[in-house]
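K.L.:
Below, each chain spelled out in residue letters.
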Amino acid sequence: MSAAPIAKRDAEAEAQRKAASWYEASARERVRLFLDVHSFQEFIGPEQREISPHLHIFNLPEQFDDGMIAGRGLLEGQRVFVAAQEGRFMGGAFGEVHGAKLTGLLRAVRDAKSIPLVILFDTGGVRLQEANAGELAIAEIMRALIEARTAGAKVLGLIGGRAGCYGGGGLIAGCCSALAVSEQGRISVSGPEVIETNRGVEEFDSKDRALVWRTMGGKHRRLIGGAEIFVDDTIESFRVAAIQLCRCASAFDTAVLQSEQMRLKQRLRQFGFCPDAVDIWRSQGIENPDAVPDMAADDFIALANRIREPRYDAR
Amino acid sequence: MEALHFHHKVNQRAAGTKVMAIVGVVASGNLEVLVERILPESDCELDIKTAAVGFGAVWEQVVADFVELRSPGGLKLSVNDGGARPDTVALRLAQAVRLIEELDP
Amino acid sequence: MTLDEILYSLFPQGHDVEKNDLGLVRGSGVLARGGRVQVLGVVDRTPIGADEALQLSEWVLDVIAQGGSDPILILVDSDSQRMSKREELLGLNEYLAHLAKALIHADLQGHATVGLLFGHTAAGAFIATALATRTLVALPGAQPEVMDLPSMSRVTKLPIEILMEKAKSTPVFAPGLENLAQTGAVCAKWNDKRSLADQLQVLLHERRAHRDQRDALGKLRNGRPKAADIQDRVRELALQAQ
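Chains as they are written, first to last, in my numbering: chain A, 1 to 315; chain B, 1 to 105; chain C, 1 to 242.
Hints in this document: simulated from the structure, not taken from any laboratory. Among the clues, some could well be false.
Unchecked claim - Label-pair distances were calculated between CB atoms; the ranges are:
| no. | chain 1 | residue 1 | chain 2 | residue 2 | range |
| --- | --- | --- | --- | --- | --- |
| 1 | B | Leu-103 | A | Arg-79 | 24 to 30 Å |
| 2 | B | Gly-56 | A | Met-295 | 51 to 57 Å |
| 3 | C | Asp-44 | A | Met-295 | 55 to 61 Å |
| 4 | A | Tyr-312 | C | Ala-241 | 37 to 43 Å |
| 5 | C | Met-164 | A | Gly-285 | 51 to 57 Å |
| 6 | C | Met-164 | B | Glu-2 | 48 to 54 Å |
| 7 | A | Asp-111 | C | Val-202 | 44 to 50 Å |
None of these values were measured; they are calculated from a predicted model. Every residue, glycine too, gets a C-beta built ideally from N, C-alpha and C.
Okay, chain A solo, but in the shape it has when bound (with noise of 0.2 Å):
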């Protein structure tokens, strides 16, 4: 192909991405799109049949992929490794084979050590029909993660899915290079109806939408420094930060645990008495906190680079 079509396609591409709702998109979609034009290569694709060997226990239907696609791309001419969640298959929780494609990915990262992963989380958390196997793969994909970060690579996630990102997701974002969240992701550990069943309607209202949000949404987690960056849901702002994160520097070592030591121990301090987002955010310096969850992505990003940069040296 000359010059002009590969342009032309490139910005059809563009043109695609742009439209294109990340939060409504399979994770199929999703690496497709987000990626350069036709550079995506799957490992253990649909066609392997590599499906759970412990739904059927459960008469629950399989999914031929179960529900992880792991592979590689390009994005803008860049080697990356790619590992996405189907958030629609059993609410893209782990599961062993899921998992277990997961874990190699990140030990070939590990190896390979200078092609960076991004994972596109999608997920409510273990698999509870396999409960152990998925707790395990949690574990084991932490402890890859950080010996692939150990080894010089990035390892980035993208939170924007119908599932958000609970339960060992979150932790496993927790061991992120880096993150960037959506207004429609989600992050914590325990889920709303999980707290409210445990501790009561008081303690967590899990049918109150705005609470949901507020506490564990991607715009307070922005603002408070659980994610980096903040983007708006389509295809194209998702592609924008990953590229972006790749070229950031992160290493992870002794001195980065210890600048999260003093983060994690500054934000308690500041803000552990705190009952509400809308407090955190006040005591922020954020005139209007009441008028962020309804503010437009382009004006919340602006307030929140005002409010704090985001740090790439302390997770």
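With chain A held as given, fit chains B and C onto it using these hints.
P.N.:
Showing chains B and C alone in chain A's frame:
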């Protein structure tokens, strides 16, 4: 769960050269269809695993209509179904064939 | 065994491990053949929230800062993560991840990490402590779980009796030490009738490889039939594709 298998003889091969395509997601009311170009050109097979038990006759009809409409010769379609309605099934089967018939760039 | 009995059996030469107000323990113990083990942990079935996780990670970072190669033993009898609005508001996922990172980093830096599960643990607390060590052992009576059966029953909408019936034919989802051992999480069950010091010494001298071997263990014990192979295949395909 119920497993169903259908085989049809068809007049025309599915267009294109791609050997594999996949559409859909396994979820309540949804299904995935994996399509592979691995059969002789006059054959079409469907392997279905469905969470909705007892609808064999409905599947048979939907599949027969699909084969008649698209003449997917040479294709094996493997389905994991989470209990989708017949029109959603028909849509996914059609999407799968359209995808595998797409010309490579 | 009580905590005191465990500590005494682990360190007959002496230890200075103490419990603080948060339900956490910290100290060190002397090994029979010389050397020290740094001890920290969660006891009394305390839930792990942001404050607890932050304290534990501070202690781990202290050990790293001191240099040397003292092993780190983490004693575990915890609840799950602390479930509260406050915890999630403050970003509990980061606090728990930070603790796991500190433990994994310590291990990679030469402080062999050992988890000793002697009571309960669950969910996020389990991942951030016991499952973040290189080697996890347990005493009889330990009760690790991902989620308790009544909660699992509520979420999956399956009666407890059905879950218990299915649990007879697979170790892959139900709580319990046997299941977590079979799937590869728990490396070994210690004998509470024998000296824990001896068993610890054997473990430390085995010089386990840094490589995470839980997938291989799960395959060997028939608890996770596919994980190890899938991991290996993806890794190889990814490295070939460069």
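K.L.:
Each hint should be assessed against the structure and marked as holding or not.
P.N.:
Right, here's what the structure says about each hint:
1. Leu-103(B) <-> Arg-79(A): 24 to 30 Å: holds, 27 Å
2. Gly-56(B) <-> Met-295(A): 51 to 57 Å: Distance hint for Gly-56(B), Met-295(A) holds at roughly 53 Å.
3. Asp-44(C) <-> Met-295(A): 55 to 61 Å: With a Cβ separation near 44 Å, Asp-44(C) and Met-295(A) fall outside 55 to 61 Å, so the hint is violated.
4. Tyr-312(A) <-> Ala-241(C): 37 to 43 Å: violated, 28 Å
5. Met-164(C) <-> Gly-285(A): 51 to 57 Å: holds, 54 Å
6. Met-164(C) <-> Glu-2(B): 48 to 54 Å: violated, 26 Å
7. Asp-111(A) <-> Val-202(C): 44 to 50 Å: violated, 31 Å
Checked against the numbered hints listed earlier, the structure breaks hints 3, 4, 6, 7; every other hint is satisfied.
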